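Peer 1: Those protein sequence lines, which keep their order, are chains A and B. Using numbering that gives the first Met the number 0, the letters of the first sequence map in sequence onto residues 0 to 261. Using numbering that gives the first Met the number 0, the letters of the second sequence map in sequence onto residues 0 to 183.
Do not rely on the hints blindly, as some may be mistaken.
Chain A regions said to be covered by chain B (calculated; three or more residues, Cβ under 8 Å) [claimed, not checked]:
1) 49-61
2) 83-93
Using C-beta positions, here's what the derived DEER-type ranges look like [said to hold, decoys possible]:
3) B/Val152 - A/Lys72: 24 to 32 Å
4) B/Tyr6 - A/Thr126: 20 to 28 Å
5) B/Ile122 - A/Glu124: 29 to 37 Å
6) B/Met36 - A/Glu118: 51 to 59 Å
7) B/Trp161 - A/Arg238: 37 to 45 Å
8) A/Leu68 - B/Val152: 23 to 31 Å
9) A/Gln226 - B/Arg2: 29 to 37 Å
Taking lysine to aspartate or glutamate and the EDC-like style, the derived pairs with C-alpha atoms no more than 20 Å apart in a straight line are [as the list claims (entries may be wrong)]:
10) B/Lys83 - A/Glu87
11) A/Lys111 - B/Asp3
12) A/Lys180 - A/Glu124
13) A/Lys64 - A/Asp24
14) A/Lys113 - B/Asp3
15) A/Lys110 - B/Asp3
16) A/Lys183 - A/Asp172
17) A/Lys183 - A/Asp167
18) A/Lys213 - A/Asp24
19) A/Lys247 - A/Glu227
20) A/Lys213 - A/Glu57
21) A/Lys247 - A/Asp24
22) B/Lys83 - A/Asp204
23) A/Lys110 - A/Asp127
24) A/Lys155 - A/Asp204
Hints in this document: simulated from the structure, not taken from any laboratory. In this text, all values refer to a predicted model and were calculated from it rather than measured experimentally. The C-beta atom is built at its ideal place from N, Cα and C for all residues, glycine as well.
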Amino acid sequence: MTGNAPILEVKNLVKNFATYCAVDDISFSVGEGEILGFLGPNGAGKSTTINCLLGVVEKDNGQIKMFGLDVAKHRVSVMQNVNYCSAEYVLPWNLTLYENLLVYAKLYEVKKAKQRVLEVLEELEMTDMRNTIIRSLSLGQRARANFCKALINRPKLLLLDEPMASMDPDVVDRGINLIKKIQKEEKMTILYTSHNMWEIEQVADNVVFINHGKIIAQGSPLELTRQELALEAKEPNLREVFIQLSRKKLSRDSGGDKDVSR
Amino acid sequence: MSRDRIYAMLLRHYFLTTHHLERFADLLIFPIVGLVMWGFLANYIQVQSSSLAAFFLGGMILWVIFERVGTSIGIDFMYELWEKNLVNILASPITTVELIFSLVLVSVTKVLISFAAMVVLAILFYGFNIFSLGFMLILFWINLILFAVSLGVFSIGLITRWGHSAGPLTWVLPFMIQPFAAVF
Numbered sequence: 000m001t002g003n004a005p006i007l008e009v010k011n012l013v014k015n016f017a018t019y020c021a022v023d024d025i026s027f028s029v030g031e032g033e034i035l036g037f038l039g040p041n042g043a044g045k046s047t048t049i050n051c052l053l054g055v056v057e058k059d060n061g062q063i064k065m066f067g068l069d070v071a072k073h074r075v076s077v078m079q080n081v082n083y084c085s086a087e088y089v090l091p092w093n094l095t096l097y098e099n100l101l102v103y104a105k106l107y108e109v110k111k112a113k114q115r116v117l118e119v120l121e122e123l124e125m126t127d128m129r130n131t132i133i134r135s136l137s138l139g140q141r142a143r144a145n146f147c148k149a150l151i152n153r154p155k156l157l158l159l160d161e162p163m164a165s166m167d168p169d170v171v172d173r174g175i176n177l178i179k180k181i182q183k184e185e186k187m188t189i190l191y192t193s194h195n196m197w198e199i200e201q202v203a204d205n206v207v208f209i210n211h212g213k214i215i216a217q218g219s220p221l222e223l224t225r226q227e228l229a230l231e232a233k234e235p236n237l238r239e240v241f242i243q244l245s246r247k248k249l250s251r252d253s254g255g256d257k258d259v260s261r
Numbered sequence: 000m001s002r003d004r005i006y007a008m009l010l011r012h013y014f015l016t017t018h019h020l021e022r023f024a025d026l027l028i029f030p031i032v033g034l035v036m037w038g039f040l041a042n043y044i045q046v047q048s049s050s051l052a053a054f055f056l057g058g059m060i061l062w063v064i065f066e067r068v069g070t071s072i073g074i075d076f077m078y079e080l081w082e083k084n085l086v087n088i089l090a091s092p093i094t095t096v097e098l099i100f101s102l103v104l105v106s107v108t109k110v111l112i113s114f115a116a117m118v119v120l121a122i123l124f125y126g127f128n129i130f131s132l133g134f135m136l137i138l139f140w141i142n143l144i145l146f147a148v149s150l151g152v153f154s155i156g157l158i159t160r161w162g163h164s165a166g167p168l169t170w171v172l173p174f175m176i177q178p179f180a181a182v183f
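Taking the hints into account, I'd like the entire structure generated from these sequences.
Peer 2: Right, here's the structure in full:
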């Protein structure tokens with residue numbers, strides 16, 4: 000989408016749960032160094048897509064390639080360069096921050112694991128909390144602890160599934176600045192889902208909008224705003240775009256889009 | 000299989016045990032309390048028949064191996080669910096075989112600690128040495144562990160398929176098998 004070599008390519012991905020189709024034949028790609036906002040209302044299929052990308056959930060059809068390799072065939076080597084962060088999944092509560100990061104450093108086979116843990120703690124200004132048990136950290140600190148885990152293996156591709164859900168604006172602002180800084184320094188490729196449109200406007204180069212398991216719009220935040228709201232728009236307004244697109248009802252029977260918002 | 004990833008999981012459960020006092024209960028207190036309780040019964044029975052007393056104590060020690068390994072694999076897996084950490088683990092490069100192998104290693108290590116404590120206490124308190132059962136004990140021990148591991152992996156399968164609601168089966172399954180476990 001940015002013209003850079005694709006780091007992540009998803010082709011015709013399908014995932015069904017019994018009779019419910021959670022992800023319905025979607026295809027997209029993310030170029031090297033790009034931040035892709037992956038948006039959609041609750042239950043649209045975002046987290047299922049991410050779980051398929053991680054191999055946590057088995058896809059029913061389609062192909063997922065990361066760094067040009069088929070994830071189904073090369074999962075172990077691919078995942079050493081990928082990491083994941085979600086506010087929904089915290090690090091184990093009864094371990095200290097240092098212990099948690101050491102476990103994950105070993106899981107990702109990081110060389111000089113102890114040194115890397117200290118580096119990440121320093122980078123995210125959490126050195127003082129290294130011996131603190133996770134359950135004693137505040138919500139904002141836990142979000143940073145999750146980021147520490149997500150960066151432990153210096154990932155080339157980072158999957159962020161609502162990493163700052165239910166955080167206060169100050170924490171979100173710090174988190175966004177952190178993501179921007181890290182992405183710039185490490186030239187990381189990021190897939191970012193959030194329901195906070197301000198976050199996406201701040202970081203995303205491009206946006207894919209998914210609803211009922213199907214991609215219904217994609218482009219840069221400004222392109223989408225012009226496409227969905229007003230051709231003459233000068234600033235992106237993803238909040239309004241989100242509302243507009245979410246209210247478009249997909250007519251599965253007819254195989255097309257039926258707009259019920261107007 | 001990667002040694003680093005298996006070591007990571009062992010480290011995770013080592014840290015978990017050192018931070019959870021109740022895990023020491025699982026490791027030592029429950030097996031010892033069980034041994035003492037059955038030991039009193041065996042002492043009473045010894046008056047009638049010493050072989051019957053050995054039958055109870057030996058059975059108790061062997062049952063603990065089976066029950067602890069069988070439940071520990073499922074419980075350690077459940078900890079990842081309780082602590083909402085399973086997706087983080089599965090999103091790492093770890094393979095299913097490595098994850099299960101590390102859980103088996105953790106439970107066998109724990110049962111070795113419990114077994115050692117029980118053997119020593121059975122000798123000290125009741126003068127019962129389980130090794131008097133001879134070489135066949137080792138083969139039987141291996142057999143029990145393999146059976147318990149299969150049961151533990153089966154529990155993981157149930158939990159993965161049906162989630163938390165299948166969790167209590169981790170504790171129940173070994174007792175359902177008890178009459179056929181051949182430990183007594």
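Peer 1: Could you run down the list of hints and mark each one as holding or not?
Peer 2: Checked hints:
Counting residues of the region 49-61 of chain A whose beta-carbon sits less than 8 Å from any beta-carbon of chain B gives 4, enough to reach three: the coverage restraint holds. Beta-carbon proximity to chain B at under 8 Å applies to 9 residues in the region 83-93 of chain A; the threshold of 3 is reached and the given coverage holds. Judged by the Cβ atoms, the range 24 to 32 Å given for B/Val152 and A/Lys72 holds: they are separated by roughly 25 Å. Distance hint check for B/Tyr6 and A/Thr126: the Cβ-Cβ separation is about 25 Å, which falls inside the suggested range of 20 to 28 Å.
The hint said 29 to 37 Å for the Cβ distance between B/Ile122 and A/Glu124, and at roughly 56 Å that hint is violated. Taken as a hint, the range 51 to 59 Å holds for the pair B/Met36 and A/Glu118, whose Cβ atoms sit roughly 52 Å apart. Remark: the range hint 37 to 45 Å for B/Trp161 to A/Arg238 is upheld by a beta-carbon distance near 39 Å. With their beta carbons about 30 Å apart, A/Leu68 and B/Val152 fall inside the hinted range of 23 to 31 Å.
Take A/Gln226 and B/Arg2: their Cβ atoms lie about 52 Å apart, and the range 29 to 37 Å is violated. A threshold of 20 Å between alpha carbons decides the hint, and for B/Lys83 with A/Glu87 the separation of about 8 Å falls inside it, so the pair holds. With a C-alpha separation of about 12 Å, the suggested pairing of A/Lys111 with B/Asp3 holds against the 20 Å cut-off. At most 20 Å may separate the alpha-carbon atoms for a hinted pair to count; A/Lys180 and A/Glu124 meet this at roughly 14 Å.
Restraint check for A/Lys64 and A/Asp24: the C-alpha separation of about 15 Å stays at or below 20 Å, so the hint holds. A distance of roughly 13 Å separates the Cα atoms of A/Lys113 and B/Asp3; the hinted pair therefore holds under the 20 Å criterion. Our distance criterion of 20 Å between C-alpha atoms is met by A/Lys110 and B/Asp3, whose separation comes to about 10 Å. The hinted pair formed by A/Lys183 and A/Asp172 meets the criterion: a straight-line CA distance of about 17 Å does not exceed 20 Å.
Using a Cα cut-off of 20 Å, the hinted pair A/Lys183 and A/Asp167 is violated, with the two alpha carbons roughly 24 Å apart. For the hint pairing A/Lys213 with A/Asp24, the CA-to-CA distance comes to about 7 Å; that is within 20 Å, so the pair holds. Distance restraint check for A/Lys247 and A/Glu227: the Cα-Cα separation of roughly 11 Å lies within the 20 Å cut-off, and the hinted pair is therefore satisfied. Our distance criterion of 20 Å between C-alpha atoms is met by A/Lys213 and A/Glu57, whose separation comes to about 18 Å.
Distance hint between A/Lys247 and A/Asp24 is fulfilled; the C-alpha atoms sit about 19 Å from each other, no more than 20 Å. A C-alpha spacing of about 31 Å is found between B/Lys83 and A/Asp204, which places the hinted pair above 20 Å, so the restraint is violated. With a C-alpha separation of about 23 Å, the suggested pairing of A/Lys110 with A/Asp127 is violated against the 20 Å cut-off. Restraint check for A/Lys155 and A/Asp204: the C-alpha separation of about 17 Å stays at or below 20 Å, so the hint holds.
Checked against the numbered hints above, the structure breaks hints 5, 9, 17, 22, 23 and satisfies the rest.
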